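Listed below are the residues making up each chain.
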Amino acid sequence: MNYQTIIGLEIHVELTTSSKIFCGCKNDASGKPNENICPTCMGYPGTLPRLNEKVVDYAVKAALALDCTVRNNTHMDRKHYFYPDLPKGYQITQATKPLGINGKLYLEKADKTIGIQRIHMEEDTGKMMHRKESTEIDYNRSGVPLIEIVTAPDISDETELLEFLEELKNLLAFLEISDLKMEEGSLRCDLNINVVDRDRGIKTPVMEVKNLNSFKGAVRAALYEEERLQEALMRDKELLKETRGWDQKKGKTVTLRKKEDSEEYQYFIEPEILPLQLSDRKIQNAYSRLRELPQRRRNRFKKQYGLPDYDVRILTKNPYVADFFEQALLTCYAPKRISNWIMTQLLSEMDRGLEGFQDLALKPGDFGKLIALMEKGKISKKIGEKILKEILKTGEAPEKILKNRNLGPITDEEEIKEIVQDLLERHPKALEDYGKKPEKTLRFFMGKGMEKTNGRLDPEKLKESLVSALSPRDTDK
Amino acid sequence: MDNQGLTIQQIQKQLTNKKISAEELFRETLEKIREQEHKIGAFLCITEEEVLRKGRALDQKIQKGASLGNLEGALYSVKDNIMVKGQKCTCGSDMLKDFIAPYDGESILEINKAGGISLGKTNLDEFAMGSSTEHSAFKVTRNPRDYKLVAGGSSGGAAAAVAAGFGQFSIGSDTGGSIRQPAAFCGVLGIKPTYGLVSRLGLVSFAPSMDQIGILSGNVRDMARVLEEIQGPEFSKDYTLIKRKPTSYYRELADFEEDRKSRGEKLLQGITIGIPKEFFEIPMEKDVESAMDLTMEAFKVQGAELVSVSLPHFRYSLSAYHVLTMVEAVSNLARYDGIAYGNQAPKAESITELIEKSRGQGFGEEVKRRLVLGNHILGREKTSLMKAKRVQELLKRDFQKVFEGADLIFTPTTNTTAFKPGKKSKNPMDMQRLDELTVAASLTGLPAVSVPCQEPGKLPVGGQLIANYFNESELLQGALSLETALVQQRRDQKEER
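Chains V and C supply the protein sequences, listed in that same order.
Reminder that position 320 of the first sequence reads as 320 in the working numbering, one-by-one numbering, no gaps.
Reminder that position 37 of the second sequence reads as 514 in the working numbering, one-by-one numbering, no gaps.
Next comes chain C alone, as it looks inside the complex (with noise of 0.2 angstroms):
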């Protein structure tokens, strides 16, 4: 039995009407990764035992008659810069290969509580910077679509974890593009919730002002699902949440579908879609052009209207995005100095040489270059800082200004499809511009979610759905009726053939 591509929903169909056991359906997993792994390179630890323990255990569960956590089920993995207590958090990095979490991240526990099992850490671009995962101190993750291809960053291995079928979804993070750029090149769905929808405790910071944990999925059901475990709840000390009601993602979602269909309406009837023309001023790759057009169709035909939108500091966001990033990572990362925890240079002379060498030692290269770079903002160039800072107020106005008349935002995630190793990691800036259409909601704190929308037999692409803070509610419902959409457009279209 293939149970590839079903719904959380559907596997808890099929376990509680007994078609197969949890034990079975997680060894086909485990055996789909045993095949696979090898060619992919997603996981930098895999905990098979404890995931066949974790089956039995539910399996007894299920003969009992009890009922289901909203994700039992599931099997999930983290990015490995979130801590999971008892196994190592690398960071990607050799800094900390031998680090073991001693507590885990809010977001795990509440995945745990919901009946999650963790299949194990994914791999990552060291401390999540960079744009390809091929800056991992450990190895390249290969995009499951296309072996020779990078399956992007920095949550390259979340990707192409749940791209490979190795469990529904993934935990990943997102500074500045880092769950929806990867998404995209795979072909799967990522999210960026706003900032401070989900708690940050247990994610390791790299700019704590835009880092969010995020959840990349197959389907847009299953982020709902497990967006509302992981979500704030409402009576928290946690200051990294901002105070809020707690949404019912999975059920507003429903009721949206059931809703419209029994009022005969288009999935996306009186909707309206800004289209930022300043986002597609950026010169894009033919097949990201074409999937661009077909989506926009789709959206049309879903009942929406689209209309174009100017957001004029667009075009500061990414140099704002790095200086503000290199700044906080030079701050965050201090604390990486061997001497409680972490790579330990060997031979040292004197503290300070203690300091440098396990340092050095320890970061790669990708993390060495923001590093300087960050010291020297501050130590020289403050006033790129405060102009950093400007541009991120203005672009918030900007966006404010456009959600008066639109309910969505829609823009491609990357200008590019996925690339060779190698293509641009030569070139920094290079690497840099895959984040100039993701750096935006990060600056400003907006949801965003990337959808797969690729023409079929091509590379995936992703298609950015921008919606106003916590509207995530709104933001899945465009990303299920641009699913719906396509998957529509698609039949359609081999019908006509």
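The shape of chain V in the complex, shown without the other chains (with noise of 0.2 angstroms):
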């Protein structure tokens, strides 16, 4: 038997503008129940979308980052249903003239590229909450900016899936045009999957699969759907094209509803927005104003800086993240010793992780300051996340706290000699041992020493005056 699968998604990603799409109303849909609202995102008679230049700003960007040709000349078009969640009785969507089409992604495990058929911008609708007697409708959402992002039927199985989700994640986090919580939907997923019977030439009818709200519930359903189709082509049985939804707390797909052949939404161009023009320098310009993106930078910082792929992986995770680890190595050259320091003592600091990084008080300069006094050798590990912890507190320069909170190395010979002293008179003990035992009383005075410092003390030198002050009992004997 040679079944193969075949999957495409269509990506709605909630564009964090700090307006809505066609009104000045703030764009937060998780305030208080209409509270966000006006006469124009309500659709109430003689109101008139204004297309707000930032959401296309934002579906630029995204579309230049999948790859895709931007186009020129595009509008936006209505598409009419009846639906009490959609105020206008239809949604200003953009159906004829995508902004962007055929744009790819890399998927880098799978070593595949998937297409990106297309990107366009729309209004997302009102959200209705059923309640034991009655439904009541949000309209905070209604005119919320969203992008859709329409993939090829390239995706061949869960893995594919699952590294498609996560990179396009990643892009879209380091684009910074939206929250992209799944959880509370400003990220949603569709799946459109189908099964072939490659030996008998047949095929199931596609499935369109909904609330979809996590990247394990996707791959779930997906590997659900696949089992259920194999089995229908192993079965002859006939199937109807269907929209359904997972059921996440019974782990399976439910039938929505069946489709007769495709929905008539009467698509046509919205008259009361004029047709948009992008100039190919305007686009130029939008691609120039983009960051390197995530995966030709994970390709430089594994040729420029000979970092490990786990290294790699988590500095690019976030651009922030990235940024802040180039520019440490401004100052300190030392490119695994930072990303060491990155991976470990600053994110175990911090509480959200990778997240946080945004709004650090540790400045990448100062992170290269610390790291280079270590690499001097003036202070020690220990030192360097005592300093650490401070800056993150207070967001003042390591020389600063090395001096202000005595936690510079000590240096003199005499405080040296003193506290050696001091040791060998609290611990006459050990003291005695010295002659039996002398490299294990050595260690142990060591140990005492830093421990009594802070660490402040260069072992070295801690190692010099023990042997000098513990030598002249030898000549005692």
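Hints in this document: simulated from the structure, not taken from any laboratory.
A quick note: this is a predicted structure, and the numbers were derived from the prediction, not measured.
Note that beta-carbon positions come from the ideal geometry of N, C-alpha and C, so glycine has one too.
Careful, some of the hints might be misleading.
[Claimed, not checked] In the DSSO-like style, the derived pairs of lysine-lysine whose C-alpha atoms are separated by at most 27 angstroms in a straight line are:
1. C:K754 with C:K873
2. V:K417 with V:K382
3. C:K562 with V:K97
4. V:K97 with C:K714
5. V:K26 with C:K562
6. V:K97 with C:K866
7. C:K845 with V:K79
8. C:K714 with V:K282
9. C:K834 with V:K127
10. V:K132 with C:K824
11. C:K720 with V:K282
12. V:K79 with C:K562
13. V:K127 with C:K824
[Stated by the list, open to error] Across the chosen pairs, the derived CB separations fall in these ranges:
14. C:R533 with V:P33: 38 to 46 angstroms
15. V:D57 with C:R740: 53 to 61 angstroms
16. V:S18 with C:T829: 33 to 41 angstroms
17. C:E833 with V:G185: 23 to 31 angstroms
18. C:E830 with V:Y106: 47 to 55 angstroms
19. C:E734 with V:S18: 49 to 57 angstroms
20. V:K216 with C:T829: 20 to 28 angstroms
21. V:S18 with C:E833: 37 to 45 angstroms
[As the list claims (entries may be wrong)] According to the in silico footprint, chain V covers these stretches of chain C (three or more CB under 8 angstroms from chain V):
22. 563-573
23. 578-588
24. 667-679
25. 682-693
26. 709-722
Hints given; two lone chains; assemble the complex.
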């Protein structure tokens, strides 16, 4: 048996512009119900949409990042259907001329390119909340700007599916156009799946699966449908094209509605919004403003800094982390050490992990200086960790902390001598053992010394001083 | 004292000379409304208290010697498909019979800023679909010139209000003739400005690619004054406007008259008026025909040169208009689902049923007829939609060619005079044909004005002047010349007798 699974995705991404797509309302669907609404996003008679230019900028950014061709001339369309959460009786979207077409996204692990058929702009609908006795509608989300990304049916299995979703999310996070919270619906994904029996040359109809609120859910739903469709092929069971929903609790997909022939949305050009013109120059400008994309950056990090894959993955997951890394390098060129410190010491201090990098009190230059202090042997790793904690709290420069908090290394010969003398007096028993077990005793005193001074003693100097303090006793014998 | 027929300028003079107070003046108008409105039915709501309160405020202002805004002292009315904040905006439909406007339309804001005071909202065909105001869900508006007849439509209430002297002007909307045709039937002036001259924000959409707000008034000077106020400002993000420098229509009109007089020229000296033969091939009522002949004579007397011109694609304009507007209506009336506002069916088993019933009960026959046809075109007759758009383009070209050799175009506004209710409403095609001569300016977006030009003692007839884009000044000059010429003609005829 030779079954092949074919998966395509439709991904809706809520954009984080400050206002909605066609009115001045705050773009915030999470507020108190119907808090952020106005006659325009409520579709009241006599109101007219005004396209938010920021939305176009964001959409162009996404289209360019996904290697799409951005159209010079496009327009908005009306998609007609009746539903209570759709206040105008139509959704303003782009049907015939999407903003971006013919893009692609490369998957490294699968070594495969997934086609992006189109990216277009549209408005979100309101949200229905079903209560026991009634249904309530919150229009805060009505008019929230969206981009819809449609892939080619190029995904063949669940590992590719997961990698694609992660890679796409990674890319969108990098562009900073959405907060990408699947559980809150700012990233939504619908699956189109069918299975082909290559041997017999037959295939199932395409199933559309909705309500996927996590990547894990998407993968599980894909696996479930794959199996269901394979079985149908095996048993020659006739299936109808359907829209299905993923039931997370039951771990299965269920029928939402059967599709008769394609729905009649009576699309036509939105006459209230002027056609959108994007000159080559404008698109070129947008392209040059686009920062280095994660995939390209990853390859460069590997080559330029000789970092292992694991480090590169983590450093490039969030653009701020990658920027931070490279800026720290300008002060102290020690790629692996800086990478290690970001991944271990720095991240363990941050509650929000990588997400918190954007508003970090620590400046990358200071981080570089801190690493440099250790590279030059001026401070120990332990002190370095202490200073790091201080900087994260106060934002002060490492040298300043070193000076003010008595964290600097103890270099004064006399001071070291005093410390050593004090140590010897406090541990007379150990002192007696020195003759019998000199190595062990020396190690013991070394440890005590470092402990007492919080690691501020230079180990070499301490050893030197200890040895000389202990030696006279040898001559006494 | 009878203040009927005074221009806004004359009213302002009376007010500042303290010949009459604003409150007294407004009371006169309200009294007239009380006496006649029950026979006419122009209004759907009248804001009497507010008018008097504002009148008193205006009197105080005059007492203090403050200068007056351009429209101060003028009363006006608003077609009930344009938003006036806090007032009902029914669109003449059961669907919106309790809908309260949450904001003011742009043009209303401008008029109020200039000091105009609103009397209330006027009756219309439901959602502006119709040509006689018989399709209002609430009542039929009668013609003040003859109560047995309709006022025309869809801005029938507006035309009747101005004709009856209920205020100085009225704001209406014109998609295919809805200002010009009732103006013609009621014997007042009605202008549909260039598409994009006046903001559409706050006008309930019927077919937004042709919907345009315009003015009905008793004289050309008032029209110029109001148009100056409601035209879009130079710097605005309002994309229903086409960007341009505002024009001082009122001053330009006065300058024009002054200029001609001082040079001893006739008003239309050097002006070429195109007479499109296709328009005159449409069969006309006798009264309309003789009015047209007289008017063309009057033009010549004023020094204009008349030339015969041709608009070959005119004959497709009515079909194209109906195809385009019905399709747009399907989309623009989709929002009335009874969910967030408007008529909601009391009982329904499902969401689909709720929407179906709410719309079924809320919309009247004419609206339903157009929605069904519009849906049919969208579903099965897409080619006719393409053809209609093609006609629109060809017609634009036809007009541009004519404007190469003519300053203005003159046609009848309608081929009939006002008729009795029920005469045309039984056959939708008869009703549609009433728009035959007005839709061309709508399809092309050209400015057009209807000017009363009937013979004395006869039922009102309108003559339509069409100008090139944004040539409202020339259009108003033409209208003023015609107004002056006809007054002159009548005077001469009286003398002859």
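We went through each hint and held it up to the structure:
no., hint, in the structure
1, C:K754 with C:K873, "holds (17 angstroms)"
2, V:K417 with V:K382, "holds (22 angstroms)"
3, C:K562 with V:K97, "violated (38 angstroms)"
4, V:K97 with C:K714, "holds (25 angstroms)"
5, V:K26 with C:K562, "holds (23 angstroms)"
6, V:K97 with C:K866, "holds (19 angstroms)"
7, C:K845 with V:K79, "holds (21 angstroms)"
8, C:K714 with V:K282, "holds (21 angstroms)"
9, C:K834 with V:K127, "holds (23 angstroms)"
10, V:K132 with C:K824, "holds (18 angstroms)"
11, C:K720 with V:K282, "holds (23 angstroms)"
12, V:K79 with C:K562, "violated (30 angstroms)"
13, V:K127 with C:K824, "holds (23 angstroms)"
14, C:R533 with V:P33: 38 to 46 angstroms, "holds (43 angstroms)"
15, V:D57 with C:R740: 53 to 61 angstroms, "holds (57 angstroms)"
16, V:S18 with C:T829: 33 to 41 angstroms, "holds (37 angstroms)"
17, C:E833 with V:G185: 23 to 31 angstroms, "holds (29 angstroms)"
18, C:E830 with V:Y106: 47 to 55 angstroms, "holds (50 angstroms)"
19, C:E734 with V:S18: 49 to 57 angstroms, "holds (52 angstroms)"
20, V:K216 with C:T829: 20 to 28 angstroms, "violated (35 angstroms)"
21, V:S18 with C:E833: 37 to 45 angstroms, "holds (39 angstroms)"
22, 563-573, "holds (count 3)"
23, 578-588, "holds (count 4)"
24, 667-679, "holds (count 3)"
25, 682-693, "holds (count 3)"
26, 709-722, "holds (count 3)"
When each numbered hint is compared with the structure, violations occur for hints 3, 12, 20.
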